[in-house]
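Asker: This is what each chain is made of:
2 protein chains.
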Amino acid sequence: MPTRSLAPAVWQLARLSSAGSVVESADWIPATVPGAVQLDWARARDLPDLNFGQNVRAYEGLEDFFWLYRTTVPAASLQADERLMLAGGGLDYHAELRVAGRTVLVHTGLCTPFELDLTDAAPGSPLEILIHPAPKRQSSPADRSQAAHVTKPAVSYGWDWHPRLITLGLCEEVRFEVRPAVHLRHVDFAYTLTDDFSEAHITVSIETSAPAAFRWTLRDPEGRVVLDADGPTATLASPRLWWTHDHGEPALYSVEVTLAAPGADTVVRRVGFRRVRLVMQAGAWDHPSGFPKSRSHPPTTVELNGRRLFARGSNWVNPEIFPGRINADTYRSLLALARDAHFNLLRCWGGAPVAKDSFFEQCDALGLLVWQEFPLACNCYPDTSAYLADLDRESRAIIRRVRQHPSLALWCGGNELFNAWSGMDDQSLALRLLNRNCFDLDPTTPFIATAPLDGMGHGDYRFRDETGRDIFQIFQSGENTAYSEFGCPGPSSVDYLKTFIPAGELWPPRPGTSWETHHAFGAWDMEPTSWLCTATIQHYFGESTSLEQLVARGEWLQCEGSKSVFEEARRQAPRCAMALNWCYNEPWPTAANNSIISYPALPKPAFYAVQAACRPVLASARIPKFQWKAGEAFTAELWLLNDHPAAHAGGELVATLECDGRSTELLRWGFSGLAPQQSLAGPSVRAVLPETDGGEFTLLLSEAGHPEWDSRYRLSIRPSRRPAVAATRAMNT
Amino acid sequence: MPTRSLAPAVWQLARLSSAGSVVESADWIPATVPGAVQLDWARARDLPDLNFGQNVRAYEGLEDFFWLYRTTVPAASLQADERLMLAGGGLDYHAELRVAGRTVLVHTGLCTPFELDLTDAAPGSPLEILIHPAPKRQSSPADRSQAAHVTKPAVSYGWDWHPRLITLGLCEEVRFEVRPAVHLRHVDFAYTLTDDFSEAHITVSIETSAPAAFRWTLRDPEGRVVLDADGPTATLASPRLWWTHDHGEPALYSVEVTLAAPGADTVVRRVGFRRVRLVMQAGAWDHPSGFPKSRSHPPTTVELNGRRLFARGSNWVNPEIFPGRINADTYRSLLALARDAHFNLLRCWGGAPVAKDSFFEQCDALGLLVWQEFPLACNCYPDTSAYLADLDRESRAIIRRVRQHPSLALWCGGNELFNAWSGMDDQSLALRLLNRNCFDLDPTTPFIATAPLDGMGHGDYRFRDETGRDIFQIFQSGENTAYSEFGCPGPSSVDYLKTFIPAGELWPPRPGTSWETHHAFGAWDMEPTSWLCTATIQHYFGESTSLEQLVARGEWLQCEGSKSVFEEARRQAPRCAMALNWCYNEPWPTAANNSIISYPALPKPAFYAVQAACRPVLASARIPKFQWKAGEAFTAELWLLNDHPAAHAGGELVATLECDGRSTELLRWGFSGLAPQQSLAGPSVRAVLPETDGGEFTLLLSEAGHPEWDSRYRLSIRPSRRPAVAATRAMNT
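Protein chains in written order, with my numbering: chain X, 1 to 733; chain F, 1 to 733.
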């Protein structure tokens, strides 16, 4: 028989004051695997819901204990030559595995798999996993820098949108398996596509417990066998290519590999064929021009199957604090929303743990590309041999697993490593090692050392900066090749806030309360009232008199701000070919955050604004600023943005200004057509703004033949001191 | 007995019209090994001296033939178990080796060693090496791009200072050796220094023809044995560090490795202990500042043994057209001059072949650092598996050889690969492969993919650019972290020109003559009269009426221009920490070139100007421009530049203007002291310039206590239309 899993084991857990402590039988508590020691402890000791109020404080310090998991070696009826194995995909973070009291394995890392052969262990023997306290670099303050020497993801040490809650425990499945004596340890499906994509030259390689021949078959998306091979290589003619959902179909084949050995151990996996590259952005070679001449910006334009894409997407962070609570269902609704948002690329941020296989499987199926980072973020990871050995092992495990997925777009060493707050540079051995490992194990997938690279932009993360520029202005003066992080904060909805901010703290929001615990205040020193941005809201609108009003105003800013950057980046195409907002999701309820989806998968109004800005084709306006004055001359450039690989016929775009219920047509732009993937600039509207009662006006762009292209911009207007003037008909400028 | 070389073989050569051509006995010509087929052919067929006039044309097309070298297997009296080996360090470029008519080896590459075991071949058997025609990429024009798919250095395909003469043949020694059965193939001396440099942890590893134990001893610079080890590792306490000559002593130890096997095969080599890094330049982390925020510039400051250096040096190119003509003597006078010029770093440019071991040995001994590039330059080297396999093999050979030398400062993928004229980028697999190989084989030496990197500057290469800026202005507006290439062209001396320009062509210099063959005209499209720059000379000085006058004017520009950039770069320290002019030497007589040394080792006047600008301590003036008008207010900022690791006491710097034999003191600057490695800005002089007869004036800076710091600037002045005005005493500004 092929490899089969036994029923899940029953695990128990005990908290130890030191590695060698004796555990009284009363001290054992039930353990859920996968899970986390903190979750088991909370359940056993009735700790309050960590998502509510300031309860997260009750979880402080649990990461400083040793924790002992225990179960017993199961009784398994083994056929001749079968093996009983324990297999895990990694654990959090450093542990000793003991069988019958003897340490048989020392393991480090969330992504490095481990396995133990238990065939010779007596059924019922104790099996223990001793989890060490979370690593904390000495001499570091209590922040992310405590993780600057390990591959344990830094996010749980605290971030501006993540509580300090350092996870620990068995975060991945730990399976008891019966395997044939000769079994598959790893299957690798690799291929190269010919330049014209007419053929895929496939190489299937396997790692086994003992030498064995193998057969494999490949089935097309309809399930028909298209290849049946008894050697490692074969050629598939006319492969159906894997495309992102907006450019085609994410065609998935499936490969089945079977060992020619007793038991016929078998692995089945979905695979896809695509060629992904990072290529130079349009115009890049013209810069720099004069002497002394430096280099051209590095390539950041994603090319899929020979076609340059505009990468529209977002920064994906861990969707739960505890990786052990994440499963395929966690991803499902979030990834369906990402596709609904017209995203075609997600950047999996290096501060967070690398996602599980089900994440990549869903991205494969949905046609979403993934930018995958290694677990380095905002720290200066050292050149020490101990760290490099850990990173070598963990990164190889990550590459071997993730490279199987057609959704993988690029590897990245980690987040913001070449900036002052990290202090790593191109000579850092950790990044040279990652480049080496990616080159050795997955050379045809692009690798970048970090983001931002030269030419790419990160930030701003505010609607209004300290110089008074608003987000419209900030990005209209940007000249970046990719906006791989930018954000605009917004509050959570009132209803949602009420679920985790105690009623007595709800109004007014104040520092030092649950609002601050949930990141409304004091989270980021560049924004003194982060992320609720009360000062910015007051700047534009004056004092807010209710929670409802404050939230509505914050949502308005987040909607118009987020939308404006996506559209501006697309207007800057093809020099710019990427816009990924910070951030998509969040791992727990935040009171305010740059996320566009509240935990666990609740879209904020900004989600829908971003969704509108990411439609493959839309009418767009470059609006100089968010807030205007009555009597001021309003201007906006009209654009049509087309990410479709297809052209569109000409038509007429109508720009209308709506104010206090009155509509004024400003301009009709007859355009003769829209080329594939064209950002087409049109005329500018110009109109003197009237006095309003409502404090706002709307610019509406509509195209009769394509109502799905229509766009609306809701802008702020302040009264002038002068008498109101009616909006005048706009002139072409 | 250990390995011993037999007497050099007698080689013959024949030109073949095809690989299989039969050679008549009369067609064999004598061959010199090492050498080149073109040199043997020229000798046999009385081709004219290629350095003279346009004779190089007589060598055209020789690279398109097959060439057959032959000798015979020597008779060697072998003791029991001894082996007769043929060993070579590489050859130019692709060859088949045959013994007694049978092909036993196919070899590619100038740097990859090869060896053959001839023990079983009958003495007197024919030994043949069939050299294939030079590789030329189809569909390329007759320029460097024909070498864009091979590791054969591109320079011989033609450059703006190198004739098109594509070398071919046995360019390295080919030795017949008798070796003990168990012999040393490779010895690797590696070490790590503790952070405080108090200990060197040494690892000696060997590759042998069969397993064997070994002993090794280490002798200090005085020849005393300081370590005697019978295992691979040992620790040296208080190692004397290797320093560049300007910062200390280039201390060299020697290691002797002896096999514990019959024959006691032995290798002796000089070694040194240093730690070299590329670190971030001062202030780099403060940039970029605003959002959207990109990355900080990559590190380009050389740190040696914990001390940041200002790298003063030059770009080293091949000192001969034919690598086979290069030996230790070729390097000796050039490298002695480099040290005399106060250089501490040479960039070995990737267009040229990697230098031989004697180059690095001399740099080790002289205390000169070496920036070593791989053989890629100004081309788009492809991602093809054939090229990557060649590059992998050749680069590993280069790294294994050169990493033994303490003079090695950094690895670089190649020259100007990330610019429009090359079109490679960070995703190019060749560069990822080189990073991988350097990381695997020499991880503690810095690696950069190419120069320029972001922040570094290449060019300008002209005294005056197309916008009318002169070289003073161009670099005073530069804000680069390293000036790794910049140049100022100058003619060769009149006497030297007469040795290779036919008398009848000497005056006036004209395109289409030997002047153009030797790069005076038409060499670079950015400078229509390159490199003689007659238009620039005419711009500043009017028509030249004799060769002597033209050359003197050109030399003047090259002197003041080259000097000005070195000093400006040093004034920009510590943000800038590197100035390497293009170029140091040249491989044949040029009529005009950016070189500061004429072929083979004849310093041009600019050499001495550069030497003055590279003194570790000097007085310096930032002068706004080269040419002035009588009556104009001359200004210059005074500086003291100290690259010494030691401080200097205060003193008084006197600035004097000399004109038509009259001296006018402009300013006395009493400075209180000069810190180690400080670039100290002082006051500015200001003086209205007089009418002159001579068309020039000199700014003289002198410091009574340190006449070795004195500097002179010879500047141009044109008559005004107004009456002459005496120079006035300058005011501090």
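It is possible that some hints are incorrect.
[Stated by the list, open to error] Estimated spans, in silico, between C-beta atoms of each pair: (1) F:Pro676 with X:Val106: 56 to 62 Å; (2) X:Leu506 with F:Ser477: 53 to 59 Å; (3) X:Pro288 with F:Arg396: 49 to 55 Å; (4) X:Glu696 with F:Ser477: 43 to 49 Å; (5) X:Val106 with F:Ser477: 56 to 62 Å; (6) X:Val106 with F:Val106: 44 to 50 Å; (7) F:Pro2 with X:Ala100: 42 to 48 Å; (8) F:His201 with X:Glu466: 47 to 53 Å; (9) X:Pro288 with F:Asp357: 35 to 41 Å; (10) X:Gly290 with F:Asp49: 56 to 62 Å; (11) F:Ala100 with X:Ser205: 55 to 61 Å.
[To be verified] The calculated lysine-lysine pairs, modelled on DSS-like cross-linking and capped at a C-alpha distance of 27 Å, are: (12) F:Lys625 with X:Lys293; (13) X:Lys625 with F:Lys293; (14) F:Lys293 with X:Lys293.
Calculated directly from the structure, the hints in this document are not laboratory data.
The beta-carbon is built from N, C-alpha and C at its ideal position, and this holds for glycine as well.
Asker: If a hint holds in the structure, say so; if it doesn't, say that too.
Answerer: Here is how each hint holds up against the structure:
| no. | hint | verdict |
| --- | --- | --- |
| 1 | F:Pro676 with X:Val106: 56 to 62 Å | violated, 48 Å |
| 2 | X:Leu506 with F:Ser477: 53 to 59 Å | holds, 58 Å |
| 3 | X:Pro288 with F:Arg396: 49 to 55 Å | violated, 34 Å |
| 4 | X:Glu696 with F:Ser477: 43 to 49 Å | holds, 47 Å |
| 5 | X:Val106 with F:Ser477: 56 to 62 Å | holds, 59 Å |
| 6 | X:Val106 with F:Val106: 44 to 50 Å | holds, 48 Å |
| 7 | F:Pro2 with X:Ala100: 42 to 48 Å | violated, 56 Å |
| 8 | F:His201 with X:Glu466: 47 to 53 Å | holds, 50 Å |
| 9 | X:Pro288 with F:Asp357: 35 to 41 Å | holds, 38 Å |
| 10 | X:Gly290 with F:Asp49: 56 to 62 Å | violated, 41 Å |
| 11 | F:Ala100 with X:Ser205: 55 to 61 Å | violated, 41 Å |
| 12 | F:Lys625 with X:Lys293 | holds, 21 Å |
| 13 | X:Lys625 with F:Lys293 | holds, 21 Å |
| 14 | F:Lys293 with X:Lys293 | holds, 22 Å |
Hint compliance for this structure: hints 1, 3, 7, 10 and 11 are broken, all remaining hints hold.
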